[in-house]
Amino acid sequence: MPAPGRRMILWQIALGAAFLGAWQWGASAGALDKFFFSRPSDVLGRVFQWLIAGSIWTHLGVTLAEAFLSFAIGVLLGVVCGFVLARVPFLGALFDPYIRIANALPRVALAPIFLLWFGLGIWSKVALGVTVVFFIVFFNTFQGVREVDPLILNNARMLGASERQLIRHVLIPSALTWIFSSLHISIGFAIIAVVVGEYLGSSKGIGYTIAQAEGVFDTTGVFAGMTLLAAVVLIVGAAVNRLERWLLRWKPPPSSAEPPLG
Amino acid sequence: MTALALRGVTRRFAGYTAVEGITLDIPAGRFVSIVGPSGCGKSTLLNLAAGLLAPSEGSIDVFGERLAGINRRASYMFQQDALLPWKTVLDNIALGLRFRGRDSGHEAREWLTRVGLDGFGSSYPYQLSGGMRKRVAMAQSWIVDPDLVLMDEPFAALDVHTRLRMEGEILDLWTGSNKTVVFVTHDLEEAISLSDEVVLLSAGPGSRTVGRYPVDLPRPRNLIDLKTEPRFHQLYNAIWSGLREEVLKSHARTR
Ligand SMILES: Nc1ncnc2c1ncn2[C@@H]1O[C@H](COP(=O)(O)OP(=O)(O)O)[C@@H](O)[C@H]1O
Ligand SMILES: [Mg+2]
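Residue numbers (numbering that gives the first Met the number 0), protein chains in the order written: chain A, 0 to 261; chain B, 0 to 254.
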């Protein structure tokens with residue numbers, strides 16, 4: 000997405016402020032029931048209260064650790080499997096129907112099973128996150144490796160590249176664009192998946208905090224947990240963007256003529 | 000010594016015969032051009048010589064050895080842009096040496112200078128003009144010091160002036176290098192100016208060699224003045240009458 004102009008940023012801020020303002024005013028004036036909708040000022044206040052009180056940091060740390068582990072394991076498995084199945088057509092064809100079936104399974108339904116298998120600790124959440132991240136990364140890597148320009152591959156072959164050198168100098172860089180587009184999505188999904196896991200059964204994490212708040216009808220607590228998660232996803236996303244811009248510096252900058260989508 | 004010997008080489012693609020029964024000897028150290036109407040199978044022939052395609056029938060010998068798999072004695076300058084877009088100019092030039100496990104920095108910088116790209120070593124291909132990219136490709140394929148150089152219409156996409164300069168540079172590189180060059184082009188003037196011999200392919204399908212024309216113009220050649228010499232015109236007319244016939248056939252078939 001091309002960077003928005005300065006004027007557009009002002010409009011965007013205005014929209015956000017108008018939304019929050021309407022919410023705040025509606026809840027204060029009684030048009031919205033504070034019990035069900037809380038208030039932006041209360042939510043923000045709760046977030047700061049948590050951050051100062053300190054116990055939220057442990058929960059945040061647990062959630063981030065789970066998300067990071069599921070992300071790392073999922074990406075590693077996805078990239079390796081994507082490479083192997085794309086480079087060995089026999090295996091690719093053999094596994095094709097099973098991967099489609101596995102990907103069609105509703106992941107949330109697996110959460111209780113993972114709780115049984117891996118217990119209430121972090122590993123049941125990591126397992127859930129991995130099942131989400133793996134497929135996104137796998138499909139993108141598979142596609143990226145398949146779409147390598149055969150001309151560039153032939154050029155590298157003629158210059159004397161071995162199979163390993165082809166992977167390192169041609170296939171990985173070429174698939175990187177695809178892999179990156181999957182990282183953006185899978186980071187958010189990894190966090191959502193582990194939070195869902197925590198929500199369904201755990202004693203730590205942001206998902207647990209949200210479930211606790213919900214248990215006592217504390218809408219403000221639920222919104223505060225969500226706000227915290229959104230902030231984390233945005234920060235991690237920005238870091239991935241920077242890494243991507245550096246790793247893909249060989250690409251021509253996108254032309255401004257492109258429609259601002261994606 | 001024969002650098003490249005094709006014996007009855009036929010190549011089919013899913014029922015379509017591109018080249019058929021081609022027998023051709025290219026002596027070592029010669030600059031040989033291959034011309035023919037577009038779509039007749041020139042690139043196919045180079046891909047066969049490079050070992051990127053296997054012949055459906057017949058055999059290919061490279062310096063006396065039967066070719067199986069990639070041709071390790073050859074380097075290949077492709078018709079389209081084949082630089083690695085994620086590598087800098089310098090890394091692209093050094094690639095062949097790196098693949099061979101040789102320290103490449105010094106030599107790559109030498110080649111950077113030789114192809115006139117000083118100061119562009121850390122640029123990426125997308126930042127270069129078409130002519131500059133061709134220079135990088137040239138350095139990339141020559142740095143590995145191949146015995147056989149295959150070039151597929153390397154300058155077809157360039158403007159006339161850039162093209163003339165690059166043709167001169169290719170001749171400078173080749174002169175005294177003992178390398179064998181197989182140069183594919185659809186431009187007869189280019190073929191005659193550069194080569195020792197012009198090989199004419201017939202229109203496809205089932206293209207075969209229909210003529211071999213030695214070019215007895217003295218070397219070194221001045222590419223700018225060459226085209227005004229009477230002998231150049233005699234050669235041009237002789238080969239053109241053959242090429243013209245094939246081009247007409249090709250038009251008739253694709254109509
Ligand atoms: N990989 C391929 N699959 C199918 N047909 C091909 C393939 N490569 C070349 N051909 C066909 O073979 C013929 C010769 O192609 P090519 O060698 O590229 O011609 P030229 O380089 O002389 O223009 C063309 O008709 C082309 O369509
Ligand atoms: Mg061609």
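Among the hints, a few may not be true.
Pulled from the structure, derived: some chain B residues nowhere near chain A, Cβ distances all over 12 Å [unchecked claim]:
no., residue
1, S74
2, D80
3, D90
4, G95
5, S140
Selected chain B positions facing chain A (Cβ under 7 Å, derived; list incomplete) [unchecked claim]:
no., residue
6, M0
7, Y15
8, P84
9, W85
10, R99
11, F119
12, Y123
13, L127
14, G130
15, M131
16, F231
17, H250
Which residues of chain A face chain B? A few of them, derived with a C-beta cut under 8 Å, are [claimed, not checked]:
no., residue
18, L158
19, Q164
20, N240
21, W249
22, P253
No lab work stands behind these hints, which were simulated from the structure alone. For every residue, glycine included, the Cβ atom is placed at its ideal position computed from N, Cα and C.
Going through the hints against the structure:
Against the 12 Å criterion, S74 (chain B) falls within the reach of chain A, whose nearest CB is about 6 Å from its own CB. Its beta-carbon lying about 8 Å from the closest one in chain A, D80 (chain B) breaks the requirement of being farther than 12 Å from that chain. Taking the minimum C-beta to C-beta distance to chain A, about 9 Å, the non-interface status of D90 (chain B) is violated against the 12 Å cut. The non-interface label for G95 (chain B) is inconsistent with chain A: the shortest C-beta to C-beta separation is roughly 4 Å, within 12 Å.
The claim that S140 (chain B) lies off the interface is violated: its Cβ sits roughly 8 Å from the closest Cβ of chain A, which falls inside the 12 Å cut-off. For the restraint placing M0 (chain B) at the interface with chain A, the shortest Cβ-Cβ distance is roughly 22 Å, beyond the 7 Å limit, so the hint is violated. The restraint placing Y15 (chain B) at the interface with chain A is violated, with a minimum CB-CB distance near 19 Å, outside the 7 Å limit. Because the beta carbon of P84 (chain B) sits about 6 Å from the nearest beta carbon in chain A, less than 7 Å, this interface hint is met.
The criterion of a C-beta within 7 Å of any C-beta in chain A is met by W85 (chain B), whose closest approach is roughly 4 Å, and the hint holds. Look at R99 (chain B): its Cβ gets to within about 6 Å of chain A, closer than 7 Å, so that hint holds up. Proximity of F119 (chain B) to chain A is violated relative to the hint, the smallest CB-CB distance being about 14 Å (cut-off 7 Å). Interface hint status for Y123 (chain B): upheld, as the beta-carbon distance to the closest one in chain A is roughly 4 Å, under 7 Å.
Violation of the interface hint for L127 (chain B) is found here, the shortest Cβ-Cβ separation to chain A being roughly 11 Å, above the 7 Å cut-off. With its C-beta approaching chain A no nearer than about 18 Å, G130 (chain B) sits outside the 7 Å limit, and its interface hint is violated. With a least beta-carbon distance of about 15 Å to chain A, the hint placing M131 (chain B) at the interface is violated under the 7 Å criterion. Restraint check, F231 (chain B) versus chain A: the minimum CB separation of about 33 Å is more than 7 Å; hint violated.
For the restraint placing H250 (chain B) at the interface with chain A, the shortest Cβ-Cβ distance is roughly 28 Å, beyond the 7 Å limit, so the hint is violated. With a cut of 8 Å, the hint placing L158 (chain A) at the interface with chain B holds, because the nearest CB-to-CB distance is about 4 Å. At a threshold of 8 Å, the smallest CB-CB gap from Q164 (chain A) to chain B is about 6 Å, leaving the interface hint in force. For N240 (chain A), the interface hint is violated, the least distance from its beta-carbon to any beta-carbon of chain B being 18 Å, above 8 Å.
Checking W249 (chain A) against chain B: minimum C-beta separation of about 4 Å stays under 8 Å; hint holds. Given the 8 Å rule on beta carbons, the hint for P253 (chain A) is violated: about 12 Å separates it from the nearest Cβ of chain B.
The structure is inconsistent with the numbered hints 1, 2, 3, 4, 5, 6, 7, 11, 13, 14, 15, 16, 17, 20, 22, although it conforms to all the rest.
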